[in-house]
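Given the coordinates of chain P, assemble chain L onto it according to the supplied hints.
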Amino acid sequence: MRGEAMTCRDAIAVLADFLEHTLSPELLASFEAHLADCAPCRAYLATYRKTVALTGRAEGIEMPPEMRARLRSLLLDALAREGGPA
Amino acid sequence: MITAALSLDTLFAPSLDCDPTAMAHVDTEAQLIGRLEAGDTAALESLMARHAGRVYRVALGITRSPADAEEVVQDVFLTLVRKVATFEGRSALSTWLYRVATNSALARRRGKRAQVEVSLEEALPAFRDDGHRDGDRSYLLLDWSERPDEELLSGESRRAMARAIDLLPDHYRAVLILRDVEELTNEEAARALGEPVSSIKSRLHRARMALREELTRYWSQA
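Order-wise, the sequence lines are chains P and L. Just so you know, our numbering puts the end of the first sequence at 1261, numbered straight through with nothing missing. Just so you know, our numbering puts the end of the second sequence at 227, numbered straight through with nothing missing.
Chain P on its own, in the form it takes in the complex (with noise of 0.2 Å):
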């Protein structure tokens, strides 16, 4: 990458990393160069991240409490037939 400039595909290619803060100096330095000059790019990495953030809160759903008491019920019956010590 030294010496060219990032293209859009290289970008776009290390935005996990990114937000991981994984990338080396170099690549760091070259990716926010990019950035700067690319609109598209501040659009889609804006995005990307947006999009990371709504799929932990739409996805983060709890268990249903009588589905909790289903599974206790079940364990507890399973626990008092195969548990413990041999």
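Among the hints, a few may not be true.
Unchecked claim - With a cut-off of at most 20 Å between alpha-carbon atoms, the simulated EDC-like pairs for lysine to aspartate or glutamate come out as follows:
no. : chain 1 : residue 1 : chain 2 : residue 2
1   : L       : Lys88     : P       : Asp1252
2   : P       : Lys1225   : L       : Glu155
3   : P       : Lys1225   : P       : Asp1252
Unchecked claim - Take a look, some chain P residues computed to stay more than 10 Å from chain L by CB distance:
no. : residue
4   : Asp1185
5   : Ser1199
6   : Glu1201
7   : Leu1202
8   : Leu1251
No lab work stands behind these hints: they were computed from the structure. Values in this document were obtained by computation on a predicted structure and should not be read as measured data. In this text, a Cβ means the ideal position worked out from N, Cα and C, and glycines have one as well.
What follows is chain L alone, placed relative to chain P:
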């Protein structure tokens, strides 16, 4: 009762060196496992309270069916009850639970896969020969990320997101759930799925790009 099979000296060992606060947690969880092996119902309930919610999220995230997810959670904890004496503690209990849950959930998806899984290639960005983005400029510049979460996570937008996740290939969705919902590291997700870290990273990036594309298409027409 604690047996040699549990290898409690090595259970969670990597975390002991660096995080003193983890010691109490580790001891407690190791003790719970030992007590479960002895048939202690309170230990079982404590382990359920700690882990059932996350096992359910992973199961539901992969199967997309509450009924299937419930069966997966039951499978996972019945396996824990029956096999606790053989749990060797080479990995954290949570890693073991994630592994059993993902295997069980993916097994249930076999034969039930969506008829039309999203073509990931279509959801990936297009580039010109010179490596720069190709496409309508107003679409390329569309940035919906500043909209309020309440708007992004309600109504048709939320349904569009759910559809996009539904249509991901199962192994991509599994990685997405483990990483972006459960917030496992790449290494932890790799252990749960029994796959190389490089595969996890590649699938995660493609799954995120596919979701991002679906949301951008939705907001370009909204």
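Here's how the hints hold up against the structure:
1. L:Lys88 x P:Asp1252: Holds: L:Lys88 and P:Asp1252 sit about 16 Å apart, inside 20 Å.
2. P:Lys1225 x L:Glu155: Measuring from Cα to Cα gives roughly 13 Å; hence the hint holds.
3. P:Lys1225 x P:Asp1252: 44 Å, violated
4. Asp1185: At roughly 7 Å from the nearest Cβ of chain L, P:Asp1185 sits no farther out than 10 Å, so the non-interface label is violated.
5. Ser1199: Check passes; 16 Å lies beyond 10 Å.
6. Glu1201: 18 Å, holds
7. Leu1202: At roughly 15 Å from the nearest Cβ of chain L, P:Leu1202 sits farther out than 10 Å, so the non-interface label holds.
8. Leu1251: Check fails; 6 Å does not lie beyond 10 Å.
The structure fails to meet hints 3, 4 and 8 from the earlier list, while all remaining hints are met.
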